[in-house]
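A.B. asks: What follows is each chain in one-letter form.
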Amino acid sequence: MTTATDIEVIDLAVTSRRELNQRLHDAAKQGGPTYWRILNPKGAHALAVGIDGAFDIEIEGHTGYYTAGMNKLAHIRINGNAGVGVGENIMSGSIHITGNASQACAATGCGGLVVVDGDASSRCGISMKGVEIVVKGDVGHMSAFMAQSGVLVVCGDAGDSLGDSIYETHIYVRGTVEGLGADCVEKELKDFHRQELGRLLEAAGADAKVDEFKRYGSARRLYTFNIDNAGEY
Amino acid sequence: MCGIVGLFAKTPEVEANLGAMLAPMLHEMGDRGPDSAGVAFYRDAVPAGHTKLTLQHDDPDFDWSALRKGLKEAYGADKGVGRRGNHAVVVAHTDANAAQGWVEEHHPDVKIMSAGEAIEIYKETGRPEAFIETFDITSLYGTHALGHTRMATESKVTTAGSHPFSTGLDLCIVHNGSLSNHASLRRMLQREGIRFQTLNDTEVAAGYMMWRLREGATLNETLEGCLEDLDGFYTFLIGTRDGFAVLRDPIACKPAVLAETDEWVAMASEYRSIATLPGAEKARTWEPAPATIYSWEKEKV
Chain B
9 MTTATDIEVI DLAVTSRREL NQRLHDAAKQ GGPTYWRILN PKGAHALAVG IDGAFDIEIE
69 GHTGYYTAGM NKLAHIRING NAGVGVGENI MSGSIHITGN ASQACAATGC GGLVVVDGDA
129 SSRCGISMKG VEIVVKGDVG HMSAFMAQSG VLVVCGDAGD SLGDSIYETH IYVRGTVEGL
189 GADCVEKELK DFHRQELGRL LEAAGADAKV DEFKRYGSAR RLYTFNIDNA GEY
Chain C
2 MCGIVGLFAK TPEVEANLGA MLAPMLHEMG DRGPDSAGVA FYRDAVPAGH TKLTLQHDDP
62 DFDWSALRKG LKEAYGADKG VGRRGNHAVV VAHTDANAAQ GWVEEHHPDV KIMSAGEAIE
122 IYKETGRPEA FIETFDITSL YGTHALGHTR MATESKVTTA GSHPFSTGLD LCIVHNGSLS
182 NHASLRRMLQ REGIRFQTLN DTEVAAGYMM WRLREGATLN ETLEGCLEDL DGFYTFLIGT
242 RDGFAVLRDP IACKPAVLAE TDEWVAMASE YRSIATLPGA EKARTWEPAP ATIYSWEKEK
302 V
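Read top to bottom, the protein sequences are chains B and C. In this note's numbering, each number is its position in the first sequence, counted from 1, plus 8. In this note's numbering, each number is its position in the second sequence, counted from 1, plus 1.
Simulated from the structure, these hints should not be mistaken for lab results. For each residue, glycine too, the CB sits at the ideal point set by N, CA and C. Any given hint could turn out to be false.
To be verified - Derived coverage of chain C by chain B (criterion: at least 3 residues anywhere in the stretch with Cβ under 8 Å from a Cβ of chain B; other residues may be distant):
1) 263-274
2) 283-290
Unchecked claim - Sample of chain B residues with no beta-carbon within 12 Å of chain C, all distances over it, derived:
3) D14
4) R31
5) T42
6) S135
7) D199
My request is simple: use the sequences and hints to build the entire structure.
C.D. replies: See the structure below:
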């Protein structure tokens, strides 16, 4: 249970970003408050990055690039929009953006959950490696580009070249897809996928039904070795 | 990497404070572009039959009053000289071709930064914060303004290679990105009679727009032409007599944020520039889609 003494409020109008990140890193190593509130982000870059502790962190306002990058264990909520590369290389924990996310949301993410209440722009989940992403609005072009594993759920529409050069990520889209990228195809929604999608919609608090979605994934023509080419070696 | 900012006033209060509001936005983009900085302000439109020129001379002690006297003798009344740093604004009672021709003939060492009815362009090498101070940007008012901080990639760091680039009367462009077909495009445009001062890629984009507009294209057709003919990365902010337009290339690698309130419309490479504006937290804020033209115009009274 969180008590009043456990709450650390950091106002970036008076505290530097470097000090904020250092205090979060120190608290992860040495123990400290579990609940953090960060005020006046004003679009600053690299806020709450590299955290390795089970904190609850709330950022009050719009943030700049790479917010909560490399996150481990912490649950971070951004009450506003997030700039380029929010949650890049997230390992675990969760990031909730109540507004829109800019380009390359959760890029290369290895684990954890990223929820965007608004839209995410281009290259959402680029090179994702296990992260689960739920976008309640639309995603821009080239989302899930070279996605390797994990799940991308889009409750709105997806832009052009969705899942280009995809490996094994599951993509679910409720709305329209402007265009599929190379080797990305529509696939059957099996029971396993229904369960996975249902679990993520619930976790994200998304007002959508599993049956409204279509699934997309890899045709596996691009990245697997073709036996017909064995003679080339 | 470069930084772009733009501010469009919707109220007389914002018009009066335009420079004071744009300067912190530009300052915030200083670390995206520490090599040089520049702005275009639209203000104090001259009466019909007059032309406003922004001129530049490398010598900070250049005798602008002598130039003004000559211009006055040639074409009659003027509005005096407005000096800022090593730039000066002069108004000539003649059309733009004659006014520019006169400067080129009588003062070949003076560079023409802009020509039109309302536009003023100021730009210089060095840190943006120094530029803001030297050119007293905070004291400028106007209907709308564009700014740029440059991190040079394609050509030399010089005043002429700084942004904004004039693209014609009351028109200018600032650019974040790099064009890959600028050499061939420059040769084509030179054959069409467009002149270039530098080897800069953005100047080619400016020349391209100048050429399309000269050939009779509308601004929208010109920007659609950019999508067809320019190869490379770009976020453009284009200043016009009555407003500004934003265009990103179809891949949209270069950042852009737009925000709008009842008082202003702002554009910036990053939100942190917009965050300096009063009311930013409540503004409608969004990222412009690729290959899509966004524009705002002052309602003509």
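A.B. asks: Closer than 8 Å, Cβ to Cβ, for at least three residues: run that test on the stretch 283-290 of chain C against chain B and report holds or violated.
C.D. replies: With 4 residues closer than 8 Å to chain B, the stretch 283-290 of chain C meets the three-residue bar; holds.
A.B. asks: Does the claim that B:S135 lies outside the interface with chain C hold up, using a Cβ gap greater than 12 Å?
C.D. replies: Given a closest Cβ separation of 15 Å, the condition holds.
A.B. asks: Does B:R31 clear chain C by more than 12 Å, comparing its Cβ with all Cβ atoms of that chain?
C.D. replies: At roughly 22 Å from the nearest Cβ of chain C, B:R31 sits farther out than 12 Å, so the non-interface label holds.
A.B. asks: Since B:T42 was said not to touch the interface, does its Cβ keep a gap of more than 12 Å from each Cβ of chain C?
C.D. replies: Nearest chain C Cβ is 27 Å from B:T42, so the label holds.
A.B. asks: Tell me whether the statement that chain B covers the stretch 263-274 of chain C is true, taking a Cβ distance below 8 Å and needing three residues at minimum.
C.D. replies: Coverage by chain B holds here, the residue count being 4 at a Cβ distance below 8 Å.
A.B. asks: Was B:D14 rightly flagged as not at the interface, with every chain C Cβ beyond 12 Å?
C.D. replies: holds, 27 Å
A.B. asks: Does the claim that B:D199 lies outside the interface with chain C hold up, using a Cβ gap greater than 12 Å?
C.D. replies: holds, 37 Å
Checked against the numbered hints given earlier, the structure satisfies every one of them.
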